[in-house]
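Hey, can you work out the whole structure from these sequences and the hints?
Residue numbers (UniProt numbering), protein chains in the order written: chain Z, 1 to 104; chain X, 1 to 104.
These are computed hints drawn from the structure, not numbers from a lab. Bear in mind the structure is a predicted one, so any value in this text is a computation, not a measurement. Please note: incorrect hints may appear among the correct ones.
A short, non-exhaustive set of chain Z residues, derived as facing chain X with CB atoms under 7 Å [said to hold, decoys possible]:
no.	residue
1	2
2	22
3	73
4	102
A short list of chain Z residues far from chain X (calculated; beta carbon distances all over 10 Å) [what the hints assert, rightly or not]:
no.	residue
5	9
6	11
7	13
8	28
9	36
10	41
11	43
12	59
13	62
14	65
15	72
16	87
17	90
18	91
Where a beta carbon is used, it is the ideal one built from N, C-alpha and C, also for glycine.
Each chain is listed here by its residues.
Protein chains: 2
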Amino acid sequence: MNLLHSLPPARNEEDFTDILARPGLRIERIVSHGQVTPPDAPYDQSHEEWVLLLAGAARLWLEDRGEVALEPGDSLLIPAHVRHRVIYTQADPPTIWLAVHLEG
Amino acid sequence: MNLLHSLPPARNEEDFTDILARPGLRIERIVSHGQVTPPDAPYDQSHEEWVLLLAGAARLWLEDRGEVALEPGDSLLIPAHVRHRVIYTQADPPTIWLAVHLEG
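Now the structure itself:
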């Protein structure tokens, strides 16, 4: 599967596709069409997550760093239990993320 | 670090940069300026490797699949002990790979 070309239609929800799963590791593609994280429901994950923006544009908020703008090629390590929210994603063309979940 | 913009100058050798290392996992950026694997020295790794082409163009040869052409967004899982060679990389602009080594 080409991660940039095999895109779902725009919907209300983000699109999550597992690319590879192994014990302690999951590689996921996320396609966002303008969706953001609700302000009252930040992510609070028990594992590290490394993200790489593949296309589009995004801004994240992390409780330890504040706002971070991402363009294609930018990567970011989100430590475990650092609350974070997606506060902007480019809708069209969509925003495409690679997420590596370090669940080990 | 932006994986697409922070590029080394073209050299004789490929450029390997560790992005993230954890027990059993290593995420690496590889920048190729036309380099290929010597025909008499294929890679033969004891671990799985997942690769994603971020920019440029490449062709791989794998002993179980033959030739595979990669364009940006294409990903490939290289099983452990499957011998493989890079047989083409675009030189200019350079070819940029993300490699996830599953060493666990």
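Could you check that no beta carbon of chain X comes within 10 Å of the beta carbon of residue 43 of chain Z? Residue 43 of chain Z is indeed farther than 10 Å from all Cβ atoms of chain X, at 19 Å.
Agreement of hint residue 22 of chain Z with chain X interface, Cβ distance less than 7 Å: holds (6 Å)
Beyond 10 Å from each Cβ of chain X, as asserted for residue 36 of chain Z: The claim stands: residue 36 of chain Z keeps its Cβ more than 10 Å from every Cβ of chain X (closest is about 23 Å).
Would the non-interface assignment of residue 13 of chain Z survive a Cβ cutoff of 10 Å against chain X? holds (22 Å)
Examine each Cβ of chain X, and state whether all of them lie more than 10 Å from the Cβ of residue 62 of chain Z. holds (17 Å)
Is the nearest Cβ of chain X still more than 10 Å from the Cβ of residue 11 of chain Z? Per Cβ check, residue 11 of chain Z is outside 10 Å of chain X; nearest 21 Å; holds.
According to the definition I'm using, a residue is off the interface if its beta carbon is farther than 10 Å from all beta carbons of the partner; does residue 9 of chain Z meet that for chain X? Its Cβ never comes within 10 Å of chain X, the nearest being 18 Å, so this holds.
Regarding the assertion that residue 28 of chain Z does not contact chain X, is the least Cβ-Cβ distance greater than 10 Å? Check passes; 12 Å lies beyond 10 Å.
Closest CB-CB distance from residue 65 of chain Z to chain X, is it above 10 Å? holds (16 Å)
Using the nearest Cβ pair, does residue 2 of chain Z come within less than 7 Å of chain X? holds (4 Å)
Return the status of the interface hint for residue 73 of chain Z: holds when the least beta-carbon distance to chain X is below 7 Å, violated otherwise. Nearest chain X Cβ about 3 Å off; hint holds.
10 Å Cβ clearance of residue 59 of chain Z from chain X: holds (15 Å)
Violated hint: 15 only; the structure is consistent with all others.
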